[in-house]
Amino acid sequence: MLGLNKKDLSLLLIVAFLALCAPFILNPFPSDSSLAQFNAGYPDLMQRFVIFGIFAIGFNILFGLTGYLSFGHAAFLGVGSYSAVWMFKLLSMNVVPAIVLSVIVAGLFSVVIGFVSLRRSGIYFSILTLAFAQMSFNLAYSVLTPITNGETGLQLTLDDPRILGASRTESGGIPVTNFFGLDMRDTYEMVVGPWAFQFNNGYYLCAILMLISFYLAIRIFRSPFGMMLRAIKSNNTRMTYTGLNARPYTLAAFVISGMYAGLAGGLLASMDPLAGAERMQWTASGEVVLMTILGGAGTLIGPVLGAGFIKYFENIFSKINDGVLHTWFGFMPDGLEDLVVTLVHPFVGKGWHLTLGLVFMLVVIFLPGGLVEGGQRIGRLFRRKKSGDEAKKSTQSTPAE
Amino acid sequence: MDAIILQILNGLDKGSAYALIALGLTLIFGTLGVVNFAHGALFMIGAFCAVTLQRILNISFETIDPTRTDFLGNPMKVKTTYVETWFGPEVGASIIDWAVPLAILFSIPIMIGIGFIMERGLIKHFYKRPHADQILVTFGLAIVLQEVIKFFYGANPIPTGAPDVFKGSFDFGMLLGFEANAIIYPYWRLVYFAFAAVIIGAVFSFLQFTTFGMVVRAGMADRETVGLLGINIDKRFTIMFGIAAAVAGLAGVMYAPINSPNYHMGMDFLVLSFVVVVVGGMGSLPGAVLAGFLLGILESFASMNEIKSIIPGIDQIIIYLVAIIILLTRPRGLMGRKGVMED
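Residue numbers (my numbering), protein chains in the order written: chain C, 1 to 401; chain L, 1001 to 1343.
Source of the hints: derived by calculation from the structure; they are not laboratory data.
Just so you know, not all the hints are guaranteed correct.
To spell it out: a stretch of chain C is covered by chain L in this simulated footprint if at least three of its residues, at any positions, have a beta carbon under 8 angstroms from a beta carbon of chain L; those stretches are [claimed, not checked]:
(1) 113 to 120
(2) 126 to 139
Capping the alpha-carbon separation at 20 angstroms, the derived lysine to any residue pairs in SDA-like fashion look like this [said to hold, decoys possible]:
(3) L:Lys1128 - C:Ser234
(4) L:Lys1128 - C:Asn235
(5) C:Lys89 - C:Asn178
(6) C:Lys385 - C:Gly375
(7) L:Lys1150 - C:Pro346
(8) C:Lys350 - L:Lys1235
(9) L:Lys1124 - C:Pro368
(10) L:Lys1308 - C:Tyr141
(11) L:Lys1128 - C:Gly122
(12) L:Lys1124 - L:Gly1113
(13) L:Lys1308 - C:Ile147
(14) C:Lys350 - L:Asn1156
(15) L:Lys1150 - C:Leu343
(16) L:Lys1150 - L:Asp1268
(17) L:Lys1124 - C:Ile316
(18) C:Lys319 - L:Ala1155
(19) L:Lys1235 - L:Ala1221
(20) C:Lys6 - C:Gln376
(21) L:Lys1124 - C:Tyr42
(22) C:Lys319 - C:His345
(23) L:Lys1235 - L:Glu1224
(24) L:Lys1167 - L:Asn1010
(25) L:Lys1308 - C:Lys6
(26) L:Lys1308 - C:Thr145
(27) L:Lys1079 - L:Thr1063
(28) C:Lys319 - C:Tyr42
(29) L:Lys1150 - C:Leu358
(30) L:Lys1235 - L:Asn1262
(31) C:Lys233 - L:His1131
(32) C:Lys233 - L:Ala1221
(33) C:Lys350 - L:Asn1262
(34) C:Lys319 - C:Trp352
(35) L:Lys1167 - L:Phe1195
None of these values were measured; they are calculated from a predicted model.
Where is the CB? At the ideal position from N, CA and C, for every residue including glycine.
Input sequences plus hints: build the corresponding full structure.
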C-alpha cells in the first residue's frame, strides 16, 4: 500500500496512530492528581512536538542520508516564519497560502545557500552554513528591520491590509488564523471523569502535515535517490571516480530539508502568528541537530522521537521547582531530603539545559545511533536471552534503518 | 587619516581576542586533529577565573567600630577584607585593585588542568571517530560548561574592573601630531593588545626554539613517524592541549574588563573564532593570528558610519561575508597547508 513495504507501512501506521491519538496518549494522568504536571496533552506543547518533528525529519534527510552536518538550518525555519506572518498581514488569515509561501521562500533560500555551501564539505560545510545563518540572523536583527521588525519580532496589527480578509474582526480584535473557516485556536475538550482531553484544530493540521512529511521521508529513504545520497555519505570520492557528479544530489537533499524547515517555520507562525529573529540564531540550529542525534540520525523514526523527547522534557523539567522536589522526596528523613533536593536542583527548572547537554554528550559518547540504537540494543539483549543462535545472526546483520 | 588610525586601533583589541582563541583552536586542530567546539567555553571560563579571584580577594569580615555611628545611631559595622588585614591596608587595596592581572597567575594552572582533564577524559576517545562526532560531543560539552557557570554565577554580566592605573584613555593623536582628543584609546585595550602579542610570541617561540616544540611540530607534520622514533607523542599533544586551553583562558581573563563576563560570551566568540580559523587556513598557526587581526580590523572599519551609509548593515555581516568569499575562492584559507582537511 502507498508504495511501501510491510515494515515501513507498519511504522507509518504506528506514527499515524500515535500522532492522531496524542491527546489521549499524552494525557494519562487525571488532572487532579499530583502527576498531572507530567501530562503533555495540551495544544501548545503537542503542536511543538509535531512541528519540531517535521523540522527534524527534514534535517535528517540532509544529515542522516548525506552526512553533511548543517549548523544553519534554523535560518530556513526563521525565513518560513517571517513569510507566513507576512502572508497573514497582507493576504488573509487562511493558513494555506501562508504555509505554501513559507515552503517556497525557504526553498529558494536553501537553493542559494546550498549552492554556495555545498562547494565544500566536512567541517567547512558546517562553518559555511553557520556563517550564512548568523548572517541572516544579524541582518534580521538590524538592517532588515522594515521586513522583520527587528528585536520586537514581526506581529500582526490592526492596520494590516489583509486583502482577502478583514483587517479587524467585528469586535475590533485581530482575527485568528484559520483553515477555510476552521479556527486554529479552537479546542474541543472531552471530559471523561477526571480526565480532560483536548482536541485542537491547529494540532491536527500540524499532525496531518507531519504524517505527510514523514511519508515523503520514507519514500525518499527507500528511493534510488536516497540510495544515491547514502552512497555519497559512505564514500564521496569513489562516487566521483565512477563519473558521477554528486553535487546535484546533495543540493536536492539540502533544498528538500530546507523546505521541511520552512514548512515547520510556517506552521509555527500559523499556530501563533509572530516571528522573531531568535528563531534563526545558531543555538536554534544546534537544537535541531540535538534532536536528530538524540533520536538517531539516519533512521526514519529517530528524529521524531528526538524532537518529542527534547520538547517534552524541556517543558516538564522547566516546571519542576524546589517545592515539587520537596513533595517528591518528602518520604525521606529531613536531612537526606534537603541533600537530595540540593543535588537535583541544578538539573531541573532553569537548569534544564545542563541536563540536556549532559544527556546529549552521553548519547554521542555511548550511543552514536541515538535512542533508536538504544532500543535496538535492548531488544537484542532480550532476544539473546531467548536463543543463542538468533543472537549471533542479529549481531552480524546490518543495522536496521 | 585619524579616523582610519582610530578604526585600526579599535580593531586591534577584538582582533587580539580572535587571534588568541583561533591560535588555541588551531593548536588543537593541528596537533590532535580535533575540532573543538568547547574552545569558546574555555575562553569564558578564563574570564570567570578573573571574576572568581576578585571575589576571593574581596572576602571580608565585619567589625564594629565604636567610634563611629551609622545613620540610625547604632555603632557602625566596618567591612575589612582579609587581604587588607594580612598585607596592611595599602598593599591589600592595591592587590584587590590588581585582581585581573593577578588572575593570570591564578588561571594558568586551572586552565591547564581543565585542558588535561578534557583531553584525557573525553577527547582522547574521539580521535578515531568522524569529525561530526567530535563537533557534536564538544558542542555538548560547551553547553554543559556554560550552564555550570550560569548556575554558579547567574545569568547577568558581572562587571570586573581593570586596575585604576589603566582606567581612562590615552590620547593617541597627540603622539602622532594630530589634534588633541582626535584619537583616544582606552589604556586597557592597549594592554590587552600588548598582552596578546606577548602570548602569541611566547607560543611561537616555544614551538620554534625549544626541543619540545620541535617534536610537537614534527608530530604535527607526521605523527606516525615521530611515534615510531620512540617518542611519546600523545603525552606531548596532551600538553599542547593544556597550553591551548591556557591561551584561551588567558585571553578570557584579560578580556574581562573590556566586556563584563557573562555565561554566553564563549559561544559568541566561538562562532567568530571558527570563521577566523577557516579564513586563516585550518592548521596554520600564523594564518590564525593573521586572520584574527585582519577580521577584527575589518569589522571595526565596517562599523564606521561612512561605510554603513553606503552599505547598510555591513558591520553585522562583514566577517561572515569575507569567510564565504575566502572559502569559495581560496578553499585552504589564507595560509592553509596542503592536505589538511581537504574535504
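Taking the hints in turn, this is what the structure says about them:
1. Remark: the segment 113 to 120 of chain C is confirmed as covered by chain L, as 3 of its residues place a Cβ nearer than 8 angstroms to a Cβ of that chain, reaching the required three.
2. For the segment 126 to 139 of chain C, the stated coverage by chain L is satisfied: 10 residues place a CB nearer than 8 angstroms to a CB of that chain, which reaches the threshold of 3.
3. For the hint linking Lys1128 of chain L to Ser234 of chain C, the alpha-carbon distance of about 16 angstroms falls within 20 angstroms, and the restraint holds.
4. Taken as a hint, the Lys1128 of chain L and Asn235 of chain C pair is honoured in the structure, with Cα atoms around 17 angstroms apart against an allowance of 20 angstroms.
5. Simply put, Lys89 of chain C and Asn178 of chain C have alpha-carbon atoms about 13 angstroms apart, close enough for the 20 angstroms limit, and the pair holds.
6. For the proposed pair Lys385 of chain C and Gly375 of chain C, the alpha carbon gap of about 16 angstroms is at most 20 angstroms, so the pair holds.
7. Our distance criterion of 20 angstroms between C-alpha atoms is met by Lys1150 of chain L and Pro346 of chain C, whose separation comes to about 10 angstroms.
8. Restraint check for Lys350 of chain C and Lys1235 of chain L: not satisfied, since their Cα atoms lie roughly 39 angstroms apart, outside the 20 angstroms limit.
9. As the CA atoms of Lys1124 of chain L and Pro368 of chain C are separated by approximately 16 angstroms, the hinted pair is consistent with the 20 angstroms bound.
10. For the suggested pair Lys1308 of chain L and Tyr141 of chain C, the alpha carbons sit about 15 angstroms apart, so the restraint of at most 20 angstroms is met.
11. Taking the CA atoms of Lys1128 of chain L and Gly122 of chain C, the gap is near 15 angstroms; set against the 20 angstroms cutoff, the hint holds.
12. For the hint pairing Lys1124 of chain L with Gly1113 of chain L, the CA-to-CA distance comes to about 15 angstroms; that is within 20 angstroms, so the pair holds.
13. Proposed proximity of Lys1308 of chain L and Ile147 of chain C is supported: the alpha carbons are some 19 angstroms apart, at most 20 angstroms.
14. The hinted pair formed by Lys350 of chain C and Asn1156 of chain L meets the criterion: a straight-line CA distance of about 14 angstroms does not exceed 20 angstroms.
15. At roughly 16 angstroms between alpha-carbon atoms, Lys1150 of chain L and Leu343 of chain C fall within 20 angstroms of each other, so this suggested pair holds.
16. At most 20 angstroms may separate the alpha-carbon atoms for a hinted pair to count; Lys1150 of chain L and Asp1268 of chain L meet this at roughly 15 angstroms.
17. The hinted pair formed by Lys1124 of chain L and Ile316 of chain C fails the criterion: a straight-line CA distance of about 35 angstroms is larger than 20 angstroms.
18. For a cut-off of 20 angstroms, the pair hint linking Lys319 of chain C to Ala1155 of chain L stands: about 19 angstroms separates their Cα positions.
19. Of the supplied pair hints, the one linking Lys1235 of chain L and Ala1221 of chain L holds, its CA atoms being roughly 16 angstroms apart against a limit of 20 angstroms.
20. This hinted pair checks out: Lys6 of chain C and Gln376 of chain C have alpha carbons roughly 19 angstroms apart, not beyond 20 angstroms.
21. As the CA atoms of Lys1124 of chain L and Tyr42 of chain C are separated by approximately 44 angstroms, the hinted pair breaks the 20 angstroms bound.
22. Under the criterion of a C-alpha separation no larger than 20 angstroms, the hint pairing Lys319 of chain C with His345 of chain C is consistent with the structure, at around 12 angstroms.
23. For the hint linking Lys1235 of chain L to Glu1224 of chain L, the alpha-carbon distance of about 14 angstroms falls within 20 angstroms, and the restraint holds.
24. With a C-alpha separation of about 17 angstroms, the suggested pair Lys1167 of chain L and Asn1010 of chain L falls inside the 20 angstroms cut-off, and the hint holds.
25. Pair hint Lys1308 of chain L plus Lys6 of chain C does not hold up; C-alpha atoms about 60 angstroms apart against a cutoff of 20 angstroms.
26. Taking the CA atoms of Lys1308 of chain L and Thr145 of chain C, the gap is near 15 angstroms; set against the 20 angstroms cutoff, the hint holds.
27. With a C-alpha separation of about 6 angstroms, the suggested pairing of Lys1079 of chain L with Thr1063 of chain L holds against the 20 angstroms cut-off.
28. Distance check on the hinted pair: Lys319 of chain C and Tyr42 of chain C sit about 15 angstroms apart at the alpha-carbon level, within 20 angstroms; holds.
29. With a CA separation close to 15 angstroms, the supplied pair Lys1150 of chain L and Leu358 of chain C stays within the 20 angstroms bound.
30. Note on Lys1235 of chain L and Asn1262 of chain L: the hinted pairing is violated, with a Cα-Cα distance of about 34 angstroms set against a maximum of 20 angstroms.
31. Using a Cα cut-off of 20 angstroms, the hinted pair Lys233 of chain C and His1131 of chain L holds, with the two alpha carbons roughly 13 angstroms apart.
32. The hinted pair formed by Lys233 of chain C and Ala1221 of chain L fails the criterion: a straight-line CA distance of about 28 angstroms is larger than 20 angstroms.
33. Distance check on the hinted pair: Lys350 of chain C and Asn1262 of chain L sit about 16 angstroms apart at the alpha-carbon level, within 20 angstroms; holds.
34. Note on Lys319 of chain C and Trp352 of chain C: the hinted pairing holds, with a Cα-Cα distance of about 10 angstroms set against a maximum of 20 angstroms.
35. The straight-line distance between the Cα atoms of Lys1167 of chain L and Phe1195 of chain L is roughly 17 angstroms, inside the 20 angstroms bound, and the hint therefore holds.
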